[in-house]
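Chemist: Okay, here's what each chain looks like letter by letter:
2 protein chains.
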Amino acid sequence: MPISPRRHVFFISDHTGITAETLGRSLLSQFDHIDFVRTTLPFIDNGEKLAHALERIRAAAEEDDARPIVVSSLTQPELRARLAEAPALVLDVFDHFLPPLEEELGLTPARAVGRLHGVDHAYGRRIEAVNFALAHDDGLGTQLAEADIVLVGVSRCGKTPTCLYLALQYGLKAANHPLTEEDFDRGRLPPAVMAQRGKLFGLSISPQRLHEIREERRPGSRYAELATCQREVRAAEVLFQRHGIPFLDTTHMSVEEIASTIVHRQGLTPRL
Amino acid sequence: MPISPRRHVFFISDHTGITAETLGRSLLSQFDHIDFVRTTLPFIDNGEKLAHALERIRAAAEEDDARPIVVSSLTQPELRARLAEAPALVLDVFDHFLPPLEEELGLTPARAVGRLHGVDHAYGRRIEAVNFALAHDDGLGTQLAEADIVLVGVSRCGKTPTCLYLALQYGLKAANHPLTEEDFDRGRLPPAVMAQRGKLFGLSISPQRLHEIREERRPGSRYAELATCQREVRAAEVLFQRHGIPFLDTTHMSVEEIASTIVHRQGLTPRL
Numbered sequence: 493m494p495i496s497p498r499r500h501v502f503f504i505s506d507h508t509g510i511t512a513e514t515l516g517r518s519l520l521s522q523f524d525h526i527d528f529v530r531t532t533l534p535f536i537d538n539g540e541k542l543a544h545a546l547e548r549i550r551a552a553a554e555e556d557d558a559r560p561i562v563v564s565s566l567t568q569p570e571l572r573a574r575l576a577e578a579p580a581l582v583l584d585v586f587d588h589f590l591p592p593l594e595e596e597l598g599l600t601p602a603r604a605v606g607r608l609h610g611v612d613h614a615y616g617r618r619i620e621a622v623n624f625a626l627a628h629d630d631g632l633g634t635q636l637a638e639a640d641i642v643l644v645g646v647s648r649c650g651k652t653p654t655c656l657y658l659a660l661q662y663g664l665k666a667a668n669h670p671l672t673e674e675d676f677d678r679g680r681l682p683p684a685v686m687a688q689r690g691k692l693f694g695l696s697i698s699p700q701r702l703h704e705i706r707e708e709r710r711p712g713s714r715y716a717e718l719a720t721c722q723r724e725v726r727a728a729e730v731l732f733q734r735h736g737i738p739f740l741d742t743t744h745m746s747v748e749e750i751a752s753t754i755v756h757r758q759g760l761t762p763r764l
Numbered sequence: 493m494p495i496s497p498r499r500h501v502f503f504i505s506d507h508t509g510i511t512a513e514t515l516g517r518s519l520l521s522q523f524d525h526i527d528f529v530r531t532t533l534p535f536i537d538n539g540e541k542l543a544h545a546l547e548r549i550r551a552a553a554e555e556d557d558a559r560p561i562v563v564s565s566l567t568q569p570e571l572r573a574r575l576a577e578a579p580a581l582v583l584d585v586f587d588h589f590l591p592p593l594e595e596e597l598g599l600t601p602a603r604a605v606g607r608l609h610g611v612d613h614a615y616g617r618r619i620e621a622v623n624f625a626l627a628h629d630d631g632l633g634t635q636l637a638e639a640d641i642v643l644v645g646v647s648r649c650g651k652t653p654t655c656l657y658l659a660l661q662y663g664l665k666a667a668n669h670p671l672t673e674e675d676f677d678r679g680r681l682p683p684a685v686m687a688q689r690g691k692l693f694g695l696s697i698s699p700q701r702l703h704e705i706r707e708e709r710r711p712g713s714r715y716a717e718l719a720t721c722q723r724e725v726r727a728a729e730v731l732f733q734r735h736g737i738p739f740l741d742t743t744h745m746s747v748e749e750i751a752s753t754i755v756h757r758q759g760l761t762p763r764l
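These protein sequence lines are chains A and B, in that order. Under our numbering, the first residue of the first sequence carries the number 493, and numbering increases by one thereafter. Under our numbering, the first residue of the second sequence carries the number 493, and numbering increases by one thereafter.
Please note that a few of the clues may not be correct.
[Said to hold, decoys possible] Derived SDA-like pairs: lysine to any residue, alpha-carbon spacing no greater than 25 Å straight-line:
(1) B:K541 to A:I737
(2) B:K541 to A:F739
(3) B:K541 to A:Q758
(4) A:K691 to A:V730
(5) B:K691 to B:R617
(6) A:K541 to B:T761
(7) B:K541 to B:R530
(8) B:K691 to B:V730
(9) A:K541 to B:Q758
(10) A:K541 to B:K541
(11) A:K541 to B:T753
(12) A:K691 to A:R680
(13) A:K541 to B:R617
(14) B:K691 to A:F535
(15) A:K691 to B:R530
(16) B:K541 to A:A551
(17) B:K691 to A:V730
(18) B:K541 to A:L760
(19) A:K541 to A:P592
(20) B:K541 to A:D741
(21) B:K541 to A:Q635
(22) B:K541 to A:S521
(23) A:K691 to A:Q635
(24) B:K691 to B:H744
(25) A:K541 to B:I737
(26) A:K541 to A:L581
(27) B:K691 to B:A719
[Unchecked claim] Example chain B residues on the side facing chain A (calculated, C-beta under 7 Å, incomplete):
(28) L515
(29) P534
(30) L597
(31) Y615
(32) L656
(33) V747
(34) E748
(35) E749
Note that these hints are calculated values from the structure, not bench results. Even for Gly, the Cβ is constructed at its ideal location relative to N, Cα and C.
Could you put together the complete structure from these sequences and hints?
Modeler: Shown next as structure tokens:
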């Protein structure tokens with residue numbers, strides 16, 4: 493087989509490494525059949541730390557008998573120059589994209605380490621949004637009018653993680669209302685929820701998948717039975733349609749896909 | 493002034509847009525003094541949607557009287573070719589980085605839309621980690637032995653959002669224990685927490701900042717008084733030192749900085 497089945501990958505940053513990781517994950521996902529061994533080396537902001545990083549890259553190159561892949565978001569020119577000489581394929585985020593931006597914007601970039609995090613405002617808004625999501629999880633809380641979005645769906649369809657992701661990634665205030673037998677019997681949502689009609693968004697899921705998720709939580713329970721899941725999901729979709737609530741089948745979606753789809757469809761403006 | 497004070501930026505993706513947004517945010521943070529107007533256009537996966545995106549780019553170019561910046565993670569070659577002709581500075585993630593990777597790995601990439609999200613495993617682990625964080629927030633929960641990390645700190649120092657971020661971004665199970673008067677009086681942590689000694693990590697904060705945060709929550713309370721904050725923070729740091737618990741001053745850090753610093757310092761392995 494001419495292709496190396498295993499390859500070390502390093503995400504190197506003078507800050508958290510999240511930009512390098514996100515970009516790298518996206519690029520590597522385009523290549524199947526390789527067993528990528530991933531390591532993030534964050535906070536590499538001086539020559540000594542870089543020397544340690546270079547040692548690890550060299551060791552990995554020997555172990556694989558192939559050049560490691562390095563995705564770098566280092567900003568300091570002298571560190572980047574040293575990294576470029578490593579026995580690795582170095583993909584340098586700033587090398588590629590900063591020069592055209594500089595030319596376009598007519599400015600020399602600040603190249604400051606970790607500039608991207610406007611701690612003060614973003615931190616406050618994110619914390620506020622997380623607190624809101626926790627206070628308004630599972631039908632709790634009384635400040636629904638303050639919500640940017642209110643998710644509606646049956647138990648275990650993904651409301652809570654989606655609300656938290658909306659808070660952490662977008663700074664949006666997301667509440668959620670769990671659909672219960674009471675809602676189904678009445679055939680309508682509680683008045684406090686209906687008052688937020690324009691902010692309601694439904695999450696649906698395949699009954700089979702819901703059954704699997706609930707089985708893990710309460711094995712053998714009536715709650716987890718496939719028949720229960722089928723009935724609840726059907727009743728939920730009837731409710732969504734009756735009230736004109738837009739909804740999404742989340743069966744094959746990740747949390748970030750659900751969240752970004754909601755932001756997009758509802759035309760929400762991220763607050764971070 | 494020769495520099496345009498305002499510039500439209502578009503993050504275009506055939507998937508969630510998170511890769512393009514993360515990279516773009518990092519690049520733009522290097523340029524001060526420009527008022528970037530950001531728009532994410534996710535799920536652009538056919539010619540019709542791209543045509544709408546191109547219209548918005550053209551309208552923005554006319555409005556600014558300058559080329560918009562476009563950060564693209566489109567994967568389909570025909571869509572990327574059309575985007576390249578927009579009246580914009582197009583920074584194409586895949587154009588720059590895929591060719592060297594292809595050459596290095598000796599493979600043609602799959603170029604499938606949204607391949608990066610391995611829904612099954614990652615989704616399950618993330619949900620499990622979020623549920624764990626919620627169940628073990630604020631000293632609750634009884635499965636501390638299952639935790640990857642246990643954060644310790646005074647009320648409002650950032651434990652909860654950090655635990656949730658660790659769960660959503662890294663799939664790690666993070667619990668937290670709030671330090672209370674009882675802990676300070678005893679001069680030690682409860683036995684159930686001490687049993688996880690190797691997993692404990694302290695969060696500290698400047699008393700002034702803590703005072704401001706608490707004032708927003710309970711204005712004028714004794715809880716929020718600067719003197720209370722000073723005493724609690726000092727007592728917490730004494731406890732950390734006595735028990736040999738590593739800790740971090742989070743005063744000037746964002747949630748992702750706190751989380752990635754903990755992952756790095758504790759040598760944790762992300763589970764996603």
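Chemist: For every hint, state whether the structure bears it out.
Modeler: Against the structure, the hints come out as follows:
| no. | hint | verdict |
| --- | --- | --- |
| 1 | B:K541 to A:I737 | holds (24 Å) |
| 2 | B:K541 to A:F739 | holds (21 Å) |
| 3 | B:K541 to A:Q758 | holds (17 Å) |
| 4 | A:K691 to A:V730 | holds (18 Å) |
| 5 | B:K691 to B:R617 | holds (20 Å) |
| 6 | A:K541 to B:T761 | holds (20 Å) |
| 7 | B:K541 to B:R530 | holds (18 Å) |
| 8 | B:K691 to B:V730 | holds (18 Å) |
| 9 | A:K541 to B:Q758 | holds (17 Å) |
| 10 | A:K541 to B:K541 | violated (46 Å) |
| 11 | A:K541 to B:T753 | holds (15 Å) |
| 12 | A:K691 to A:R680 | holds (16 Å) |
| 13 | A:K541 to B:R617 | violated (32 Å) |
| 14 | B:K691 to A:F535 | holds (22 Å) |
| 15 | A:K691 to B:R530 | holds (23 Å) |
| 16 | B:K541 to A:A551 | violated (46 Å) |
| 17 | B:K691 to A:V730 | violated (47 Å) |
| 18 | B:K541 to A:L760 | holds (19 Å) |
| 19 | A:K541 to A:P592 | violated (29 Å) |
| 20 | B:K541 to A:D741 | holds (21 Å) |
| 21 | B:K541 to A:Q635 | violated (37 Å) |
| 22 | B:K541 to A:S521 | holds (24 Å) |
| 23 | A:K691 to A:Q635 | holds (13 Å) |
| 24 | B:K691 to B:H744 | holds (24 Å) |
| 25 | A:K541 to B:I737 | holds (24 Å) |
| 26 | A:K541 to A:L581 | holds (20 Å) |
| 27 | B:K691 to B:A719 | violated (30 Å) |
| 28 | L515 | holds (5 Å) |
| 29 | P534 | holds (5 Å) |
| 30 | L597 | holds (6 Å) |
| 31 | Y615 | holds (6 Å) |
| 32 | L656 | holds (5 Å) |
| 33 | V747 | holds (6 Å) |
| 34 | E748 | holds (5 Å) |
| 35 | E749 | holds (6 Å) |
The earlier numbered hints that this structure contradicts are 10, 13, 16, 17, 19, 21 and 27.
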